[in-house]
Structure formats: C-alpha cells, structure tokens
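Q: Residues per chain are reported as follows:
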Amino acid sequence: MAKNRARATNKGGVTTVKAIISHPMETGLRKDKKSGKKIPAHFIEELTVSTGGNTVLTANWGPAVSKNPLLHFTYKGGKKGDKIIISWNDNKGVKDSIETAVK
Amino acid sequence: MKRRTLLKGSLGAGLAGIAAGAGLLSPQAVFAKWNKKAFTSKKVDDAVKKLLGSSSMANSGAIKITAPPIAENGAEVGITVQSSLPKVDSMSILVEKNGQPLAANFSMASNTNAFIRTRIKIGKTSNVHAVVRSDGKLFTAKREVKVTIGGCGG
Numbered sequence: 105m106a107k108n109r110a111r112a113t114n115k116g117g118v119t120t121v122k123a124i125i126s127h128p129m130e131t132g133l134r135k136d137k138k139s140g141k142k143i144p145a146h147f148i149e150e151l152t153v154s155t156g157g158n159t160v161l162t163a164n165w166g167p168a169v170s171k172n173p174l175l176h177f178t179y180k181g182g183k184k185g186d187k188i189i190i191s192w193n194d195n196k197g198v199k200d201s202i203e204t205a206v207k
Numbered sequence: 424m425k426r427r428t429l430l431k432g433s434l435g436a437g438l439a440g441i442a443a444g445a446g447l448l449s450p451q452a453v454f455a456k457w458n459k460k461a462f463t464s465k466k467v468d469d470a471v472k473k474l475l476g477s478s479s480m481a482n483s484g485a486i487k488i489t490a491p492p493i494a495e496n497g498a499e500v501g502i503t504v505q506s507s508l509p510k511v512d513s514m515s516i517l518v519e520k521n522g523q524p525l526a527a528n529f530s531m532a533s534n535t536n537a538f539i540r541t542r543i544k545i546g547k548t549s550n551v552h553a554v555v556r557s558d559g560k561l562f563t564a565k566r567e568v569k570v571t572i573g574g575c576g577g
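Here the protein sequences line up with chains P and E, keeping their order.
For the first sequence, the numbering used here assigns the number 105 to the initial residue and increments by one for each residue that follows.
For the second sequence, the numbering used here assigns the number 424 to the initial residue and increments by one for each residue that follows.
These are computed hints drawn from the structure, not numbers from a lab.
Please read all numbers here as calculations on a predicted model, not as lab measurements.
Incorrect hints may appear among the rest.
[What the hints assert, rightly or not] Pairs of lysine-lysine, DSS-like flavour, derived with a Cα cap of 30 Å:
#, chain 1, residue 1, chain 2, residue 2
1, E, K459, P, K135
2, E, K569, E, K472
3, P, K135, P, K183
4, E, K473, P, K199
5, E, K520, E, K459
6, E, K565, E, K465
7, P, K137, P, K107
8, E, K520, P, K142
9, E, K459, P, K199
10, E, K472, P, K115
11, P, K135, E, K466
Just chain P, same shape as in the assembly (with noise of 0.2 Å):
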C-alpha cells in the first residue's frame, strides 16, 4: 500500500492543499480474478480538511473516485507553519488522517 501523502504550500496568499490518501476505493462491483467473488465495497465516504479550527473543505466521495484519491484545492489566507489536518472515514467505518504544515 501507498503512503498517505500531503503537502501544502502558500505562495501570494492562497494555500494550495494536495494529498493522495492511500486506499483501495473498491467499488464493489469488481471480482476476484481467482475465486470469481465479487470484492466488497470499500470506499472514503466523507472527508475534511481543516486548519486552525476551521474547516475549509468537506468531502463526500462515492466509489467513483480512482483508487489512492488524489485531493488538490486552494484557499485564500493561510500562512507558512499552519497545520492542516486531512481527516475520513469510509464505508467500513475506518477513520484516518494525516497532518501537514503549510511551507
């Protein structure tokens, strides 16, 4: 499995915030090439991202979104050393996050 990976730079005042999360994003709808069963469902449903106490991004993902999603999106403000938490659960009830500061 990949590693879960973030990264957040501010350049003229906006923040950009990229991320690639790792995992699987099945749709349930694939099978197993061996035993022909059909693989569970196992997706992100919903996502946050927040800095300082403020959420600046919410999420809601179906199983469309490509294995090991890539997030990428900006905002105005931030500055360099602002802890940006990324944070989701999925249909299986895991939750997860990763933290990153702005550079």
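Mind docking chain E on chain P? Use the hints.
A: Then chain E, alone, in the frame of chain P:
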C-alpha cells in the same frame, strides 16, 4: 457555511456533539453526512436533486472542466473543475454513463476557492458533468471523455 457544516457534523455523529460540548471539538470528528440516496441514484438529475435539493440547473460558461479528451485508463481520469462564479459553496462531479453517476461532492468554506482537482473512474465513454452552487443557485457544465479501457469492471 462553517456553521452549517458543524451543525450537520454534530447531528450526524454523536461523538462530534460530545466533543463539541466538552470544548474539545476535533476537526477529525466533523463530517458532512454521506448522502447514500444521492450516491446510489442512477441518473444525473436524480442524484443532483437528492444531493442538493433541486435539479434545476442553468448551463454556465463560467465553469471549466479540464479532463483528457481520451482516457487510456478509465480507472484513473484526472478531472479539474473550476469556476469564476461568485459565492461557490458546493461543487460536484458526475459521470453520466456510470451506473451511479455521482462521483464526488465538495463543500467549500467562504475562503475556499472554486477549484477542485481529483481522479475518478469512468466506465465507458461519457459526458462528465460539473454542478456548481453559486449564491444558492445551481449551474452546470459538461465535457465528454472518451474511454478506451473501462474503469469500473473487473
């Protein structure tokens, strides 16, 4: 927007409510509640209505969808949606020909720009729709992506 998100989060997750009450509000506990009905809808309009409360959308030239015209691998198609519309607080990506068109919905805070890039699965050649809520109204744009190898099957 922030208030609404917090409200949804505390209604949806008991833990968030408790954490907020104790003054220990952790952003990790605040989520917009996942909308199963919208994500399992089979049609674009139906999914938009269940997600955003209305399927009344105006076509807009102020929404730009960047996507490869031909995707070699439908399992990973990079999509960028951006808009110059004012007061954007919600952006959604839907794939018309996918069994369940709604791929992703993003809710923006007031200081978050109307710009999202992600990667999605596209089963077969299809229009990709972007739905943007600006100042309470829905706007849409679409773009065709041709797929040579599908992204949803086995």
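Q: All hints, please: hold or fail.
A: Do the hints match the structure? See the list:
1. E:K459 <-> P:K135: holds (23 Å)
2. E:K569 <-> E:K472: holds (26 Å)
3. P:K135 <-> P:K183: Judged against 30 Å, a Cα distance of about 46 Å means the pair is violated.
4. E:K473 <-> P:K199: holds (26 Å)
5. E:K520 <-> E:K459: Holds: E:K520 and E:K459 sit about 19 Å apart, inside 30 Å.
6. E:K565 <-> E:K465: holds (17 Å)
7. P:K137 <-> P:K107: holds (26 Å)
8. E:K520 <-> P:K142: Answer holds: E:K520 to P:K142 is near 22 Å, not above 30 Å.
9. E:K459 <-> P:K199: holds (18 Å)
10. E:K472 <-> P:K115: Given pair E:K472, P:K115 is violated - Cα atoms ~37 Å apart, limit 30 Å.
11. P:K135 <-> E:K466: holds (25 Å)
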